[in-house]
Amino acid sequence: MPEAMLAVRNLTKAFRGLIAVKDVSFEVRQGEILAVIGPNGAGKTTCFNLIAGALKPTSGEILFKGERISGRMPEDIADRGVIRTFQIVRPMRGMTVLENAMIGAFCRTPNVSDASDIAISSLARFGLRPKAEMSAASLTLPDRKMLELARAVSAQPKLLLLDEVMAGLRPSEGDQIVAAIKDLHASGVTVLLIEHVMRVVMALAQRVVVLHHGEKIAEGTPTEVGNDRAVIESYLGKRAKLA
Amino acid sequence: MRALCSQWPALAFFALLAVVGLVIDPFWQSLLTLVFFYAFMGMTWNLMMTAGLLSLGHALFLGLGAYSTAVLSQTYGWNPWLAIAAGAILSSIIGVVITWIGVRFSVKGVHFALLTIAFAELTRVIFDNWELVGGTGGYFLKAINPDTNRPLESLRGGTLYFYLAFLAITVAGYAIVTILMNSRWGYRWRALHEDEEAARALGVPALRSKIFVVAISAGLAGIGGGVMAMMQGSLFPDSIMGLRLSIEVLIAPIIGGLGSLFGPVVGAFFVVPLMEASNVLGQSTGLFGLNTLIYGVVILLVITFLPEGIWPRVVRLLRPRERK
Numbered sequence: 000m001p002e003a004m005l006a007v008r009n010l011t012k013a014f015r016g017l018i019a020v021k022d023v024s025f026e027v028r029q030g031e032i033l034a035v036i037g038p039n040g041a042g043k044t045t046c047f048n049l050i051a052g053a054l055k056p057t058s059g060e061i062l063f064k065g066e067r068i069s070g071r072m073p074e075d076i077a078d079r080g081v082i083r084t085f086q087i088v089r090p091m092r093g094m095t096v097l098e099n100a101m102i103g104a105f106c107r108t109p110n111v112s113d114a115s116d117i118a119i120s121s122l123a124r125f126g127l128r129p130k131a132e133m134s135a136a137s138l139t140l141p142d143r144k145m146l147e148l149a150r151a152v153s154a155q156p157k158l159l160l161l162d163e164v165m166a167g168l169r170p171s172e173g174d175q176i177v178a179a180i181k182d183l184h185a186s187g188v189t190v191l192l193i194e195h196v197m198r199v200v201m202a203l204a205q206r207v208v209v210l211h212h213g214e215k216i217a218e219g220t221p222t223e224v225g226n227d228r229a230v231i232e233s234y235l236g237k238r239a240k241l242a
Numbered sequence: 000m001r002a003l004c005s006q007w008p009a010l011a012f013f014a015l016l017a018v019v020g021l022v023i024d025p026f027w028q029s030l031l032t033l034v035f036f037y038a039f040m041g042m043t044w045n046l047m048m049t050a051g052l053l054s055l056g057h058a059l060f061l062g063l064g065a066y067s068t069a070v071l072s073q074t075y076g077w078n079p080w081l082a083i084a085a086g087a088i089l090s091s092i093i094g095v096v097i098t099w100i101g102v103r104f105s106v107k108g109v110h111f112a113l114l115t116i117a118f119a120e121l122t123r124v125i126f127d128n129w130e131l132v133g134g135t136g137g138y139f140l141k142a143i144n145p146d147t148n149r150p151l152e153s154l155r156g157g158t159l160y161f162y163l164a165f166l167a168i169t170v171a172g173y174a175i176v177t178i179l180m181n182s183r184w185g186y187r188w189r190a191l192h193e194d195e196e197a198a199r200a201l202g203v204p205a206l207r208s209k210i211f212v213v214a215i216s217a218g219l220a221g222i223g224g225g226v227m228a229m230m231q232g233s234l235f236p237d238s239i240m241g242l243r244l245s246i247e248v249l250i251a252p253i254i255g256g257l258g259s260l261f262g263p264v265v266g267a268f269f270v271v272p273l274m275e276a277s278n279v280l281g282q283s284t285g286l287f288g289l290n291t292l293i294y295g296v297v298i299l300l301v302i303t304f305l306p307e308g309i310w311p312r313v314v315r316l317l318r319p320r321e322r323k
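Which chain is which? The protein sequence lines are A and B, in order. Numbering that gives the first Met the number 0 applies: residue 0 is where the first sequence begins, and numbers increase by one. Numbering that gives the first Met the number 0 applies: residue 0 is where the second sequence begins, and numbers increase by one.
Mixed in with the good hints there might be a few duds.
Computed far set for chain B versus chain A, every beta-carbon distance over 10 Å [said to hold, decoys possible]:
no., residue
1, A11
2, A14
3, F26
4, T135
5, K141
6, G241
7, V296
8, L316
9, L317
10, R318
Computed, partial: chain B to chain A, Cβ under 10 Å [said to hold, decoys possible]:
no., residue
11, S182
12, R189
13, H192
14, A197
15, A198
16, R199
17, P204
18, R207
Derived by calculation from the structure, the hints in this document are not laboratory data. Quick caveat: nothing in here was measured; it's all calculated off a predicted structure. All residues carry an ideal CB built from backbone N, CA and C; glycine is no exception.
Whenever a hint applies, use it, and build me the whole structure from the sequences.
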């Protein structure tokens with residue numbers, strides 16, 4: 000049995016009266032790609048924000064490699080190798096593409112030229128090498144998505160949290176990102192992704208966790224989850240057929 | 000170091016100014032001294048701004064440096080070099096305390112600016128009522144004897160000495176800021192300015208980065224204040240720690256170009272002569288307030304037509320084909 004890299008235990012987050020995440024537990028195993036799916040408002044992004052340290056849980060805990068990370072600063076968590084991307088991409092608009100990618104690299108090396116090397120190789124991975132000197136503000140949406148990924152990869156993540164990287168992309172552009180994620184996974188990065196596009200989930204994920212109204216309603220392989228009664232009723236729709 | 004070498008035109012410009020200072024008459028020397036003062040202070044203010052920290056109380060750091068230098072060297076007989084260093088450290092510490100409070104209680108943006116004003120004004124009021132430093136009546140340095148004075152020991156002297164002293168700290172400040180902006184901290188500060196949440200998610204340590212930038216900025220401002228105290232020979236809380244000075248130090252970098260290395264220098268070369276010229280014009284016509292009016296209108300025009308500042312525009316004109 001592979002070791003659990005990330006353990007989420009009885010995680011609950013309440014915003015005043017609203018319970019966004021309710022007693023959710025799951026594990027991400029070393030070297031796997033785990034997808035978190037669920038309808039809008041299911042608590043997926045809140046869950047991510049809790050793992051990445053942007054929010055503090057109301058109760059429950061999150062362990063990364065056996066160490067408790069819940070309640071820590073986002074930069075501490077990033078420093079340990081848990082790097083997230085944002086659903087709405089957030090390039091540093093006043094900086095170049097290369098400088099954007101270097102920010103992540105600085106948590107691995109204090110040296111500017113080393114950081115630049117790391118950044119260039121991760122830009123190359125996502126096809127952004129020729130655009131390195133361009134202002135990040137001038138990139139198209141697909142390129143910004145690529146930059147969001149390249150920037151995260153520059154921080155040399157052990158666990159990569161991807162929040163709906165396909166949103167707003169055409170299928171062909173999405174395929175490029177799927178290929179890039181597969182490639183990253185092959186190089187040893189564990190991936191936890193939130194995704195709406197079932198096709199992508201089926202293509203990438205080894206296991207799936209389904210959230211609904213802040214609660215976990217199913218967990219298993221994509222096929223198991225796809226045949227789960229509760230999942231079909233609450234999320235996929237009764238007539239859904241999975242590829 | 001490589002970053003500093005690429006700044007050779009600026010360094011050559013400063014070297015030229017050192018030579019120029021030896022041949023021009025005292026009027027121009029004092030005018031340029033004031034230019035250097037505002038260029039230097041503008042750089043320190045601009046440094047904090049690169050990390051997205053708007054300081055509207057920079058006169059606090061300047062004033063603390065000025066009073067520490069004056070009081071420690073005069074009342075307590077400290078070596079002036081040591082007194083300036085102590086002033087810089089004190090300014091730095093106060094800056095760090097303000098920043099820590101700001102980060103701890105998530106006081107951001109304009110609210111952080113208000114926090115800096117609050118601290119500056121609070122300190123000014125304390126100094127207004129503090130006997131040891133002369134209160135509102137001011138603190139006066141002893142007169143120096145020009146025949147026996149050794150500028151490098153007393154850190155006081157004539158017009159040429161202060162011209163060179165302010166030029167020296169401007170060059171040193173420029174070098175420090177250049178090196179820092181090209182280090183990982185420079186990247187981190189800019190990233191925090193752009194998007195703090197995204198930067199932190201990429202491992203940028205927000206608190207440490209902010210504390211570091213303010214420690215440097217406030218410390219340098221303290222040094223500027225120390226040299227200023229020696230030049231002025233008298234200190235009044237209202238003029239060396241007042242809100243007016245806090246605003247004056249940020250005009251040069253805004254006019255010259257926010258966030259650019261050379262911008263504050265360009266801005267100071269524009270703003271100080273303008274200030275002097277409008278003063279002269281105001282006095283010669285005898286119309287009270289005309290100087291502020293002229294000054295205000297010109298600043299307004301520059302901000303309207305060159306919103307990014309003078310220097311970035313000049314750079315673009317020099318390299319018209321550079322892609323942005």
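Each hint tested on the structure:
1. A11: holds (24 Å)
2. A14: B:A14 is indeed farther than 10 Å from all Cβ atoms of chain A, at 27 Å.
3. F26: At roughly 41 Å from the nearest Cβ of chain A, B:F26 sits farther out than 10 Å, so the non-interface label holds.
4. T135: holds (44 Å)
5. K141: The claim holds: B:K141 sits with its nearest Cβ about 47 Å from chain A, beyond 10 Å.
6. G241: holds (33 Å)
7. V296: holds (30 Å)
8. L316: holds (19 Å)
9. L317: holds (18 Å)
10. R318: holds (14 Å)
11. S182: At about 7 Å, which falls below the 10 Å cut-off, the nearest Cβ of chain A leaves the hint on B:S182 intact, so it holds.
12. R189: holds (6 Å)
13. H192: holds (8 Å)
14. A197: B:A197 check passes; min Cβ-Cβ to chain A is 4 Å, inside 10 Å.
15. A198: It holds, given that the least Cβ distance between B:A198 and chain A is near 6 Å, below 10 Å.
16. R199: holds (4 Å)
17. P204: holds (5 Å)
18. R207: holds (9 Å)
Every hint, counting from the list given before, is met by this structure.
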